[in-house]
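A.B. asks: In order, the protein sequences belong to chains A, B and C.
Under the working numbering, the letters of the first sequence match residues 616 to 971, in that order.
Under the working numbering, the letters of the second sequence match residues 10 to 511, in that order.
Under the working numbering, the letters of the third sequence match residues 47 to 380, in that order.
No lab work stands behind these hints: they were computed from the structure.
Check the hints yourself; a few may be wrong.
Which stretches of chain A does chain B cover? Using the computed rule of at least three CB atoms under 8 Å from a CB of chain B, they are [as the list claims (entries may be wrong)]: (1) 663-669; (2) 780-790; (3) 824-835.
Just a sample of chain A residues kept apart from chain B, beta carbon distances all over 10 Å, derived [to be verified]: (4) V649; (5) L728; (6) V821; (7) A929.
For every residue, glycine included, the Cβ atom is placed at its ideal position computed from N, Cα and C.
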Amino acid sequence: MRSLATARPRPFRLGTTGLVYLALVSIVLVGTAVAAARGHNLLGTANLVDMLTRSSLLGFVAIGQTLVILCRSLDLSVGYVMALSSVVAATTMAGDPARIGLGIAAVIAVSALIGLVNGLVVTRLRVNAFIATLGMGLIIKGYLDTRYKGPAGDIPEAFQLFGYTRIAFLPLSAAAMVAAAVLAILFLRMTRTGYHMYAVGGDAEVARMSGIHVERPVITAHVLCSVAAGAAGLLVAARFGTGSTLVYASGYDLESIAAVVLGGTYLLGGRGGVAGTVAGVLILAVLDTVFNILAVDPFFKDVLRGVIVIAAVAIYARRQVDRTASRSRFAGSRGGPSGGTGDPPHPAPAEQGGRT
Amino acid sequence: MNAPDPPLLRMSGIGKSFFGVNVLEGIDLDVRSGEVHALVGENGAGKSTLMKILAGVHPADTGHIELSGERVEFSHPVRAQQAGVSTVFQEFNLLPERTVAENVYLGREPVRRGRVNARGMADDTAGLLDELGITGISPHAAVRTLSVAQQQIVEVVKALSSDARIISMDEPTAALADHEVELLYRLVRRLRDRGMAVLYVSHRLKEIFDLCDRATVLKDGRRVDTVPISATTPTELIRMMVGRPISTFFPDPIEGTRPGPVRLEVAQGGNDRLDGIDMQVRGGEIVGLAGLQGSGRTEIAHALFGIARFTRGEVRVDGRRVALRSPTRAVREGIALVTEDRKTQGLALSQSVLANGRLVLDSVLPFRARSGARRLPGFFTSLELVARDTAQEVRFLSGGNQQKVVLAKWLATEPKIIVLDEPTRGIDVGAKRAVYTLIRELAAAGVAIVLISSELQEVIGLADRVLVLHDGRIFGELPAGASEEAVMSLATGSHNNGREVA
Amino acid sequence: MTRTAVPTAPGRIAREAVSRLVGGGSGTVFALLILIFAVIFAINPSFAQPPSMLAFAKQAAPLVILAVGQYFVIVSGELDLSVGSLVGAQVVIAAKLIDGEESRTVPVILLMIAFGALVGLVNGLVTTVLRVPSIITTLGTMLVLYGAIRLWTGGAPTGALSEAFRRPGRGGIEDLPVIGQLPWALLIALAVGAAALALTRSPYGRTLIATGDNDTAAAFSGARVWRVRTTAFVLSSLLATAASILIGGFAGVTAQVGDGLEFMAITAVVLGGVVLGGGRGTVIAAMAGALTVEALFTLFNQLFLPSTIQPTVQGLIIIAAVGYAARQRSTRSP
């Protein structure tokens, strides 16, 4: 029956994700060696807890961001959603353990609503996602700055455990983040909406012609991304014991995009996945921890981080170029001439529903 | 005319206008089960629009569609698909990053126990490929790793998997190499034998006569006639399409055209796709490059234009050795390249006719841009460009008019050497004639011309000499007026009566 | 079928210029600008007096200049997120190196120009040659500049600007009849605008826009895409440097100077109907977008809105304006 079906399960995608994990392992190895030279154990419990704790916050945001970027969209409002969610959680719970469930429900409702609005503005009003979510961020910022002059609300002890509990070296928050990542991977691999996210991100016109309601995956991605940011906000609230409005200034929006791209997901959508993103988040966390051990000036960390993200993406871009070259042997000449661009030649229709 | 059973597909009185311009008017079309029905006409005759109405991309303004006698409304491509009408467009509706199976079931992914049944998708895809007798395509392969012909097969499989009864194909051979066309023929015949109705749009008359049972001719948005293929001739069909006899197709050389000194000379040129390329083109001479897709035709064009340059051998322009390191250098040396893919390589679609016409001048010869641009309207006029005005964005022009903009862009640089890669692909007969006339005029003006085309007739009808490529090498040279068979036997490498091959 | 020559009468060209300016989503920004000013004048008729308008111009000039720079990058199909931190870095560099010494003003400004050009060059080359998406490149540059400047100054800006340095930002031609002070900032912004307009009409500008529309076609037409785009990044950084001189003079030296300016500039350009992704929109409309953003802030002040709620209104208006422009574009006939 299947004389021709040489059942190979997608070698190419493992390739990219594999590379990211390879990078992660090498960074851990080099970091361990460097730390050992300074008399520290990078893989000691304290450092592991530090790394995983760092990862969990960015992880939630970056997992959501991955879904949005896969759909060829972008969410710059996640930092503000985090801040708002922490405030909503803290004020709803108001120190009463009985209201924990209510607080969580409120956060999910509020963040889902914001994601819904983002998604609708991007798809229905056809506002460029960059602008739409930037605008949404500004709207939330204005609300937070006007309404709250500082930390607000009170998180009950019981919920603060979410921020501090750990099993051996594994913080509960990191475990929750990993669980969220697994759920997201299953979502992308096993649901039609997940399939359609790749389709819409890969080529919205093709998706539309194939009967996919192209707006739905995008809206779903935005809702899930906002909810993930809301979960990060809950974690912030649990850590600080109160609603923290100033989280939005910590740059999680751009950092989550950096983590996603570092994880090998294509910024223009249609290729990549959550597994890579988790590796990207871990790479950033390991670097942070190593810098801490080395007592690197915090400002120098920014410099290094900027350089590393650019370098990593440049390496992926190079791989991408090689692949384009090998493709042209079959499909005529698609590769542009020397001195090209950041974006590969895109033979898509002129009107693509404005996105970055 | 009145068959006892209603035809599988009947379109009656279809009319459509865009922005007040009537594109289609009162089109009637019947397609029967087990029939391959050709839809022919010049570009702009309305074929694409009719196909898009059938595919549910555009709604018709007037008229209606019946399937087996039942009226249907296609408000969306998926409605058409669900009713059993599938369309294979020229621009494939495939996602290069996804697998064959994922593409085949795109938008219709089977769900079992709440999850997408990936294995079932792959198995069913493999089954369909088997059924069509296709080997060499794995359901798990990413579509970007497939050749154009294989991607087309994936499109057909996609149509079959949705239980299509009617498949319409828009210029299915446009991107295929000649040996792949055979594969497509077999595929179409298999579909017909399964009792499906195939609506086949093509510019190539040979295919229509090889493959189709009846043909409907459109002209200027109206149906001219529907004729059984057995009862007509190519000349007759062309006459219906354009109202011109075929003899005027390739204009004769303009009087006084004579080969001058050698303008372009390649000696032992080679890179990772080409080897041992020796060629000379004189001013006023038209040298054709023939060969199968992938034989190195486009690669020579790109090497001459500095895109994928020669890494071995040398190139001389007017006897002077030149290093063609980039398109910029090539333009400075007086070389022009009309690329095979107009939309992705030739034009900035959202820019105006004028901006596109000026593009080469602006980017390479800024100091000549102003004076060069002043000559553009003249070129537009002599090429008979039809546009609202020079400020119109080129994406609103027809394929033929877009190609005229590309040609004007290069004429403005006053090239010494012009390389034309598939200059008439996907353009209507009228525009083709304009291109042919232009080629003759350029030759008369002493320009050295390299003409690449998949349409053998075109190369044979225009070129003074034909170089036949095979596997990245020049396999032989034929004089003007050689037979198609001679070219083909060289191109397929089956016969070696040309130059010695290293 | 009758074939007609393509008309290119001068009258057509003039009409084309107007329709290009107003069409394609750019019309929205002019309408919005007029509307906002109408409301401002209605609330506070004295704002229509020349001195108030000139003060407004002085305040708006830096953003207009940044928008011009951002326009070049956006129309070429890229994005420059580094301008905000570059403005901050330049102001801090100026303060630290000049340190109140008048004689150092010119050399330091020359150094700033060189530094600006270098940043633009790095942005451009990393984006074009290393093929890193510009949003990531310039995000990286933003992080690097942010960290490097604080590392250099130890966290808080030190030193002081000279009087001469501050003159372009706050000074002007004094004691003119009727209008009072004619700010240098306005003259500089006008000069930048005129130069930018000339540039977009030049062969380089046309190539830039075509590259933003379809870089493959541009490359196949002989354009050196990497050079075209890198130049756009250098222009953006140089204009950010110019803006930093005005901002430093106008607002003085703080650690936060420049924060968020990149988003303001992008907002301004997009509000002007310039399409992210490249190839469409005019520089005039981008400048009008910058004026609109500044007028919006002025309106908020006139309405005595608390400064904290301003972002909310700003966000709503941006989304509404861009959504409206997108709608206009999609329903426009060819």
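A.B. asks: Each hint should be assessed against the structure and marked as holding or not.
C.D. replies: Right, here's what the structure says about each hint:
1. 663-669: Answer violated; 0 residues pass the 8 Å Cβ test.
2. 780-790: violated (count 0)
3. 824-835: holds (count 4)
4. V649: At about 37 Å from chain B, A/V649 clears the 10 Å cut-off, so the statement holds.
5. L728: Given a closest Cβ separation of 26 Å, the condition holds.
6. V821: The assertion about A/V821 is violated, with a minimum of 5 Å to chain B.
7. A929: Correct as stated: the minimum Cβ-Cβ distance to chain B is 21 Å, above 10 Å.
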